[in-house]
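Engineer: The chain contents come next:
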Amino acid sequence: MSVIAFDKALERFEPVLGLETHVELGTASKMFCGCATGFGAEPNTQVCPTCLAFPGSLPVANEAAIEATIRIGLALNCSIAEWCRFARKNYFYPDMPKNYQISQYDEPLCFDGYLDVEVGGQTYRVEIERVHLEEDTGKSTHVGGATGRIHGADYSIVDYNRAGIPLVEIVTKPITGTGAMAPEVARAYGVELREIMRSLGVSDVRMDQGSMRFDVNVSLNEPGAPWGTRTETKNVNSFRSVERSVRGEIERQAFLLTSGEKIIQETRHFHEDTGTTTSGRSKEEAQDYRYFPDPDLVPIAPDPTWVATLRDTLPELPSVKRKRLQSEWSVSDHDMESMYNAGAIDLVEATIAAGAPAADARKWWMGELARRANESGTALADLPITPGDVARVSELVASGSLNDKLARAALEGILAGEGSADEVIAKRGLQIADEGELLAIIDQVLADNTDAAEKVRSGKVAAVGALVGAVMKASRGKADAGRAREIILEKLS
Amino acid sequence: MSLIHKTAAELGALVASGEVSAVEVATAHLDRIEATEPKLHAFLHVDREVTLSQAREVDSRIASGEQLGPLAGVPIAHKDIFATRDMPTTAASKILEGWRPPYDATVTARLRAAGLVILGKTNLDEFAMGSSTENSAYGVTRNPWDLSRIPGGSSGGSSAAVSGYQAPLSTGTDTGGSIRQPAAVTGIVGMKPTYGGSSRYGLIAFASSLDTPGPFARNVHDAALLHEAFSGYDPMDSTSIDAPVPSVVAAAQAGDISGMRVGIVREFAGDGYQPGVIARFNDAVKMLESLGAEIVEVSCPSFDTALPAYYLIAPSECSSNLARFDAMRYGLRVGDDGTHSAEEVMALTRAAGFGPEVKRRIMLGTYALSSGYYDAYYGQAQKVRTLIARDFEAAFGQVDVLISPTTPTTAFPIGERADDPMAMYLADLCTIPSNLAGNAAISIPCGLADEDNLPVGLQIMAPVLGDDRCYRVGAVLEKAFEARWGGPLLKEAPAL
Ligand SMILES: [Zn+2]
Numbered sequence: 001m002s003v004i005a006f007d008k009a010l011e012r013f014e015p016v017l018g019l020e021t022h023v024e025l026g027t028a029s030k031m032f033c034g035c036a037t038g039f040g041a042e043p044n045t046q047v048c049p050t051c052l053a054f055p056g057s058l059p060v061a062n063e064a065a066i067e068a069t070i071r072i073g074l075a076l077n078c079s080i081a082e083w084c085r086f087a088r089k090n091y092f093y094p095d096m097p098k099n100y101q102i103s104q105y106d107e108p109l110c111f112d113g114y115l116d117v118e119v120g121g122q123t124y125r126v127e128i129e130r131v132h133l134e135e136d137t138g139k140s141t142h143v144g145g146a147t148g149r150i151h152g153a154d155y156s157i158v159d160y161n162r163a164g165i166p167l168v169e170i171v172t173k174p175i176t177g178t179g180a181m182a183p184e185v186a187r188a189y190g191v192e193l194r195e196i197m198r199s200l201g202v203s204d205v206r207m208d209q210g211s212m213r214f215d216v217n218v219s220l221n222e223p224g225a226p227w228g229t230r231t232e233t234k235n236v237n238s239f240r241s242v243e244r245s246v247r248g249e250i251e252r253q254a255f256l257l258t259s260g261e262k263i264i265q266e267t268r269h270f271h272e273d274t275g276t277t278t279s280g281r282s283k284e285e286a287q288d289y290r291y292f293p294d295p296d297l298v299p300i301a302p303d304p305t306w307v308a309t310l311r312d313t314l315p316e317l318p319s320v321k322r323k324r325l326q327s328e329w330s331v332s333d334h335d336m337e338s339m340y341n342a343g344a345i346d347l348v349e350a351t352i353a354a355g356a357p358a359a360d361a362r363k364w365w366m367g368e369l370a371r372r373a374n375e376s377g378t379a380l381a382d383l384p385i386t387p388g389d390v391a392r393v394s395e396l397v398a399s400g401s402l403n404d405k406l407a408r409a410a411l412e413g414i415l416a417g418e419g420s421a422d423e424v425i426a427k428r429g430l431q432i433a434d435e436g437e438l439l440a441i442i443d444q445v446l447a448d449n450t451d452a453a454e455k456v457r458s459g460k461v462a463a464v465g466a467l468v469g470a471v472m473k474a475s476r477g478k479a480d481a482g483r484a485r486e487i488i489l490e491k492l493s
Numbered sequence: 001m002s003l004i005h006k007t008a009a010e011l012g013a014l015v016a017s018g019e020v021s022a023v024e025v026a027t028a029h030l031d032r033i034e035a036t037e038p039k040l041h042a043f044l045h046v047d048r049e050v051t052l053s054q055a056r057e058v059d060s061r062i063a064s065g066e067q068l069g070p071l072a073g074v075p076i077a078h079k080d081i082f083a084t085r086d087m088p089t090t091a092a093s094k095i096l097e098g099w100r101p102p103y104d105a106t107v108t109a110r111l112r113a114a115g116l117v118i119l120g121k122t123n124l125d126e127f128a129m130g131s132s133t134e135n136s137a138y139g140v141t142r143n144p145w146d147l148s149r150i151p152g153g154s155s156g157g158s159s160a161a162v163s164g165y166q167a168p169l170s171t172g173t174d175t176g177g178s179i180r181q182p183a184a185v186t187g188i189v190g191m192k193p194t195y196g197g198s199s200r201y202g203l204i205a206f207a208s209s210l211d212t213p214g215p216f217a218r219n220v221h222d223a224a225l226l227h228e229a230f231s232g233y234d235p236m237d238s239t240s241i242d243a244p245v246p247s248v249v250a251a252a253q254a255g256d257i258s259g260m261r262v263g264i265v266r267e268f269a270g271d272g273y274q275p276g277v278i279a280r281f282n283d284a285v286k287m288l289e290s291l292g293a294e295i296v297e298v299s300c301p302s303f304d305t306a307l308p309a310y311y312l313i314a315p316s317e318c319s320s321n322l323a324r325f326d327a328m329r330y331g332l333r334v335g336d337d338g339t340h341s342a343e344e345v346m347a348l349t350r351a352a353g354f355g356p357e358v359k360r361r362i363m364l365g366t367y368a369l370s371s372g373y374y375d376a377y378y379g380q381a382q383k384v385r386t387l388i389a390r391d392f393e394a395a396f397g398q399v400d401v402l403i404s405p406t407t408p409t410t411a412f413p414i415g416e417r418a419d420d421p422m423a424m425y426l427a428d429l430c431t432i433p434s435n436l437a438g439n440a441a442i443s444i445p446c447g448l449a450d451e452d453n454l455p456v457g458l459q460i461m462a463p464v465l466g467d468d469r470c471y472r473v474g475a476v477l478e479k480a481f482e483a484r485w486g487g488p489l490l491k492e493a494p495a496l
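Listed in order, the protein sequences are those of chains W and U. For the first sequence, full-length UniProt numbering begins at 1 and goes up steadily by one. For the second sequence, full-length UniProt numbering begins at 1 and goes up steadily by one.
Treat the hints with care, as some may be off.
With a straight-line Cα cutoff of 25 angstroms, these simulated DMTMM-like cross-link-like pairs (lysine to aspartate or glutamate) come out [stated by the list, open to error]:
id, chain 1, residue 1, chain 2, residue 2
1, W, Lys173, W, Glu195
2, U, Lys359, W, Glu195
3, W, Lys139, U, Glu343
4, U, Lys6, U, Glu19
Just the calculated beta-carbon pair ranges, DEER-fashion [stated by the list, open to error]:
id, chain 1, residue 1, chain 2, residue 2, range
5, U, Asp242, W, Gly275, 51 to 59 angstroms
6, W, Thr141, U, Pro88, 27 to 35 angstroms
7, U, Asp242, W, Glu316, 35 to 43 angstroms
8, U, Pro102, W, Gly275, 44 to 52 angstroms
9, W, Pro174, U, Pro102, 32 to 40 angstroms
10, W, Gln287, U, Arg390, 33 to 41 angstroms
11, W, Gly280, U, Arg85, 42 to 50 angstroms
The set of hints was computed from the structure by calculation and includes no laboratory data. Please read all numbers here as calculations on a predicted model, not as lab measurements. For every residue, glycine included, the Cβ atom is placed at its ideal position computed from N, Cα and C.
Start from the sequences, fold in the hints, and give me the full structure.
Structural biologist: Take a look at the structure:
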């Protein structure tokens, strides 16, 4: 596919973005029935007459899901509808049991909000058009055929466990004025949204399990000209892909426009492997969903005092919390951003809460542990180590029981599943050498390194480094390097 | 008197006192069904063994001292649109032929718990779409008064079963008149409760905002007993009303309507009303006056637009409600031979499984909801609905109840309107406004039309949650009419 280099594209065009985000709520039961919602259960074991759309079954709205949606709306600075309804979105598809999806149409539960995101030290305000509540569909698997799509498959099987899981859709207004930062802004918006979901505790926001997914809208226009025709890239399932799909679509559209071609309003599929999109359904083929208010469900009319209570009991939002922590920890903007991008803030905070000094907590998570996470390709939060473990190691270093090297060995043992910090230390014998041991080692080292000893004695203090190194080597890392230095200097003074 | 001619209240008392067993009562009715079904075809499903085992269970519950309600041991026939876990449930459609639900509807579950014994599942217009049972995929039901005529619809099997002494009680559903109209044309009592007063859970949906389960009986008191037994809040139906059920049984026994204000709707008159229907209606008005009621004429101008509004709203909802019949999870499956895609199997199944009237309404509804037409059709119909509710509100500001003929004509001959949907739709002219407004309405017998000697129904309408008023007025009128007729109207019906 032909594209124009991103920088060139941005010289001529201004992008307009729009993001639709689906978040599966972590409620114990489904949106309109009592079925469980756990991920990974045997297919079709979390189903009932209602979520299988058996004749005569009826939906009853899940209050916990309504509450979670209102809290999301409040966290995104939205107004909450005083009265709104569920609507039916009608279309036939085998993984949708009723052949309509219960959603919301022109009466969303939350509307007119915003979310500020920071990119490269600059704040971008993303306006939120609506936050509404709907139900997820089942999951089809197409067996046989080359593409894994329904066409060409030998047969299809459907798992309805996911059918009816509450899904919140968050739709932005068109995002303008981001210029070359458009891909980063899109990504930062997604990341910040995930942080908010986590802080609210409404979803596990596992992108790998599809509990958070994005549709990305992009159009280009020349400066001063009306907005261009937009395309919608469906089901973008990682933050990196959000960024890449925006970038790729800007490059593709720029090429078409500079070649005098028109952009077709269509949905597009994102391909993880190439970072490009291919054409899906065009608007001419678009479905007529025949929305109408669902007569099986009574309108939602949240009690204003209840909404006020929800507003008052919102947790501290991630951006506010980051500002507070930054000042408490006295770290630079840059260090804070690094921690944010590494997903380390909550971990550092918890480690401090477990007793570690801020600087040490940050040092371990952003140093040794970040390196190990990077090596193993896991997220920091997914490392098999708790903030409590890290705090304990930090404490042992502070008290002089461990030196830096032993501390790293302890962390390695914990990550390897050998037990708690103390268990690993005991098992591996990670104990700093005691004074007697240390003196003996030093005497031996001084005897073996008379040249270096003589240099120090004659005033070349820098030569002490080689002697300390020799002590560390002889003690197999168990010596306290600082103490060894002190003793050596004393002996050679 | 034989068991089949007794009232439900009498049967309940006999069983409670131990004079007869639930098994004996069920057996008498099963025998009657066996003898008369070749003529009526009121039932789609009867299973003597299942029924008798239910009856035996009720007998043993009573023997063990369990306190059941006044209808314990009384048999009942359910419209085959209520899910029953021990009998097939088809909505009279080929698309659900032989389908056995794994659950009971709330109505059937509550009646089971109250000790009623299910005789079987009754015929209806497919998915309750019709006014004659001619739209059933399994053949037409015949009116016990005249076997060449329709028993009304869509709950025609339920009305014929009660009118033909096959069952003392039956259930129906009323979406546009589907209980009241069949009750009227078969000379029995049929009640549409306030919308939300009786649960829709397990009732196969036609038009969700209109569908209302209700009782059929041969007298007002029996209808009230049944009404009270299955009504009330159901957490499984979000549209059910969380309020006490109006005391309909007490109202049916109140026995006095003096001083009540009764309204006659000016708009329910004119062409299309059979003279014999008008004559019996006027008799009822005079009777009410003689019983001490004050008659007031009221105007409900929006009622003229009720029929078109109904024929946009009901098909719109049905087009969506019936989308689930797609061959994927239950019911008929056509074309699953490895050569068709899932979408093709859906289309082939729906083409083969739905009858012409169902298809007509799905198409009407799909069109009315489609983008660009929604505001003009569905949106406009909803506005009409609001106007009709306001008309009712204004009328009930002046009067306690409203009355009208239940249907413009008596039972029409089978086949007469089968090819003329518009003529068929007119059968529901007087009943539809109460569905659109959600208020309570009952039909009781008020005599025979002079020209054809067929039963005429009187409709008594009450405000939302004023169901007790329907029973109060209905019971008093019934008593006065029966005194005049020398017994129930049904004794005029020919023997089967
Ligand atoms: Zn379920």
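Engineer: Going through the numbered hints above, which ones does this structure break? Give me the numbers in ascending order.
Structural biologist: 2 and 9
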